[in-house]
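Chain by chain, the residues:
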Amino acid sequence: MIAHVLAADLPGLLRQADLVGLATATIVAATPLTLAALGGVMSERSGVVNIALEGIMLTTAFVGYAAALVTHNLAAGLLAAIVSGMLIAGLHAVLSIEFLVDQIVSGTVINILALGITGVFYRTFLQEQNVRGPGTLPLWKLPLLGDIPILGRVLFSHQAVTYAMLVLVVVVHLIVFNTVWGLRTRACGEHPMAADTAGINVKMVRYVNVLASGALGGLGGAYFSIQQIGNFLPNITGGRGFVALAAMIFGKWTPVGAFLASLLFACADALGARLQTYGVRIPPQFLSMLPYILTIVVVAGAMGRAIAPAAVGRPYRKS
Amino acid sequence: MVRAVLGAARGRFRDAVMLPVISLFCGFAVAAIAVLLSGANPVDAFVALFEGAFTNRNALPETLVSTIPYVFLGLAVAAGFRAGLFNIGAEGQFYLGALFGVFVGFRVHGVPGIAHIPLAVMAGMLGGCLWGAIPGVLKARFGAHEVITTIMLNYVAFLLTDWLINNRGPMADLRASAPKTPFIDLSARLPVLLPGTRLHLGLLLALAAVPVVWFLLERTTIGFRIRAVGLNATAARAAGISVGWTLVTVMGISGALAGLAGADEILGVSHFMPAAFSTGLGFDAIAVALLARSNPWAILPAAFLFGAMRSGAGFMQLETQVSTDLISIVQATVIMFIAAPLLVRWMFRLRQTPPAPVHIAEAGGLAAATAPPPAPTSLEETAS
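Sequence order for the protein chains is A and B.
Take the first sequence: its position 83, counting from 1, is numbered 83 in our numbering, and each next residue is one higher.
Convert by adding 1000 to the 1-based position in the second sequence; the result is the number in our numbering.
Derived by calculation from the structure, the hints in this document are not laboratory data.
Predicted model, so just to flag it, every value in this text is computed and none were measured.
Virtual Cβ for every residue (Gly too), placed ideally from N, Cα, C.
Hints may contain errors.
Here are the computed distance ranges between Cβ atoms for each label pair [to be verified]:
no. : chain 1 : residue 1 : chain 2 : residue 2 : range
1   : B       : L1193     : A       : P284      : 40 to 48 Å
2   : A       : Y278      : B       : L1193     : 49 to 57 Å
3   : A       : I229      : B       : L1037     : 20 to 28 Å
4   : B       : V1111     : A       : D18       : 30 to 38 Å
5   : B       : A1029     : A       : V20       : 38 to 46 Å
6   : B       : V1043     : A       : N73       : 34 to 42 Å
7   : A       : T71       : B       : V1043     : 26 to 34 Å
8   : B       : A1235     : A       : P138      : 56 to 64 Å
9   : B       : L1193     : A       : Q127      : 50 to 58 Å
10  : B       : A1238     : A       : R281      : 50 to 58 Å
Computed list of chain A residues with no C-beta within reach of chain B, every gap over 10 Å [to be verified]:
no. : residue
11  : V70
12  : V83
13  : R132
14  : V169
15  : M193
16  : T197
17  : V243
Rough simulated footprint, nothing fancy, chain B against chain A, three-plus residues with beta-carbon under 8 Å [as the list claims (entries may be wrong)]:
no. : region
18  : 112–122
19  : 282–296
Sequences and hints are given; from them, build the entire structure.
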């Protein structure tokens, strides 16, 4: 049925199709997904499941916005988002590494806590304030690169968090696969006892990686409030942290794979938003379902091929 | 010998009573800090919460009304836990139950109440059961982790509801100014138990559901399979239990209970379904089930506590301007302490060996999701 509707509207679609605009919107929408997915890669490669990324992004979106509002400085907002992301990730780390709480439960605790804390403080501090907002991060068009036809608009005319995301994909890839630290991280995620025997401090490696995932999630949270809309709204992340985890799984726990998978989800998202404006006669709700359904399909379909770090989810206790 | 028995009894007492009590205490302590930080007085807030839940006019019946869905939903999540499944999708299954229930309520006419009510209730259970079975099948057949699939299905359920009811959708009441379904027929409404209040027949349904679920889990073959899979899926498989089929069954049961909660809310309380049917009840239910440690009988006091908090929160927000979201902070902290006996021991310097950590996703969180299933079970094969 959907194919039929699409076919009927195809000429109109093609006339209006703005593929460059769609590609740009995809990169932008992929920003928080990729950042959270990179955080997931770092954390899970060391053996700690991090479904708290949703709550981390929600809280940091709030903290980043509040800090930017108070200091009138967007850079301070970014910094606050990153630091608070590391703090919440620290809670997840302490609970799951030190107190051996089931990592899924710990993540769920943080997700519920994030809803509660942002809800309470939003109501007290932000809801009825009429102060001028801090605005959004400026659009930086890179000199020269930004002038390349098409490519310049798609890749080199973005806001700070998106640039950071593009750089971090490469950085995290290098860390995980080309450094001693990355090797140790993967060892802790695959066989912590062997890593321990080889003299690696498993707990410390896991702590650092979970904190790093918090920093990445914090940057992702900042995207929502101070890059995208210059405001904070309750539950602004809307499940993007979970979609990011699906992207990480689809990307087989690799940074580049996670980025490509995020692009796929973001494209579904951006396409859904655009098809509505193109006048396609599919109810907008169904278009909004696209990324969620795609996530289910991916999580179900990618299983046979994607193999998780062997020790992910298992607390490590020296015996 | 006597001492050993007494010691064991004391250990059980601590597990069943002390841990939840300590967790609750810590939950309110953390919430008090949040209230302080937001510039309000926590004592005022908690007093208002108590008044709103118990002592105000009609407060107690309202608390019981709020308790009803928590009983069904708590049982739903607890059933999943018993099989080692973390059903975060109770919220979506609740939506589907409400949709199916309200549909039968306003579209089926001319049926006496004695048939209309069971019909609508069963429709709600069917809706929740189907929605819950999807992640069960995905897990059994493809090894897709239920935490991710149930969360995603929640969003799909919200959008589906929005499409059906909002913006003159297929189930919208075209004459109403607000986006909502038509009212259900009088014959589909659950009778009120206490005249002058909203306390309805659902309370008795909830009280009946507890022994039924207990019997199902503890005294039937299905329940035995569910518990066996939850304790050790590999051993259960070796013993000839079809793990895949058991997962689908338990998710179906869990979804049916959540759907029952949704239908009950429509038939007993609101009598129509608004497009903005945002409840959050299904998420609270996770805390209810954890607080009750998945014991069906313990669901009752846990649900009553959460019903009281939900019922009192509105008055608290009205009186002290503290957001109702404060309840989430209490809940999250409660789950945290329940799931971390080591943390409680460390905080209170308890020297006895703590109860074993609560294992929810027994096979190790997402690892189970992401590692290929040990032996892909096909439903056709296992059904026979």
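Status of each hint after checking the structure:
For L1193 (chain B) and P284 (chain A), the Cβ-Cβ distance of about 42 Å falls inside the hinted range of 40 to 48 Å, so the restraint holds. For Y278 (chain A) and L1193 (chain B), the Cβ-Cβ distance of about 54 Å falls inside the hinted range of 49 to 57 Å, so the restraint holds. The beta-carbon spacing between I229 (chain A) and L1037 (chain B), approximately 25 Å, falls within the hinted interval of 20 to 28 Å. The beta-carbon spacing between V1111 (chain B) and D18 (chain A), approximately 54 Å, falls outside the hinted interval of 30 to 38 Å.
Range check, A1029 (chain B) to V20 (chain A): about 55 Å between beta-carbon atoms, so the 38 to 46 Å window is missed. For the pair V1043 (chain B) and N73 (chain A), the beta carbons lie near 37 Å from each other, so the given range of 34 to 42 Å is met. Range check, T71 (chain A) to V1043 (chain B): about 33 Å between beta-carbon atoms, so the 26 to 34 Å window is met. Separation of A1235 (chain B) from P138 (chain A) is about 60 Å and conforms to the stated range, judged on CB atoms against 56 to 64 Å.
Range check, L1193 (chain B) to Q127 (chain A): about 38 Å between beta-carbon atoms, so the 50 to 58 Å window is missed. Range check, A1238 (chain B) to R281 (chain A): about 54 Å between beta-carbon atoms, so the 50 to 58 Å window is met. Distance check on V70 (chain A): its Cβ is at least 15 Å (rounded) from any Cβ of chain B, clearing the 10 Å threshold; non-interface status holds. The claim that V83 (chain A) is not at the interface with chain B holds, since no C-beta of that chain comes within 10 Å of its own (minimum 17 Å).
A cut-off of 10 Å between C-beta atoms confirms that R132 (chain A) is not in contact with chain B; the least separation is 22 Å. Against chain B, the non-interface label of V169 (chain A) holds: every CB pair exceeds 10 Å, the least being about 21 Å. Every CB of chain B is more than 10 Å from the CB of M193 (chain A) (nearest about 15 Å), matching its label as outside the interface. With a minimum CB-CB distance of about 21 Å to chain B, T197 (chain A) clears the 10 Å threshold, and the non-interface call stands.
The Cβ of V243 (chain A) does not lie farther than 10 Å from every Cβ of chain B; its closest approach is about 8 Å, which violates its non-interface assignment. Only residues whose beta carbon comes within less than 8 Å of a beta carbon in chain B count, and the region 112–122 of chain A has 10; three or more means the coverage holds. Counting residues of the region 282–296 of chain A whose CB lies closer than 8 Å to any CB of chain B gives 9, which reaches the minimum of 3, so the coverage claim holds.
Violation of the numbered hints given earlier is confined to hints 4, 5, 9 and 17; the remaining hints are satisfied by the structure.
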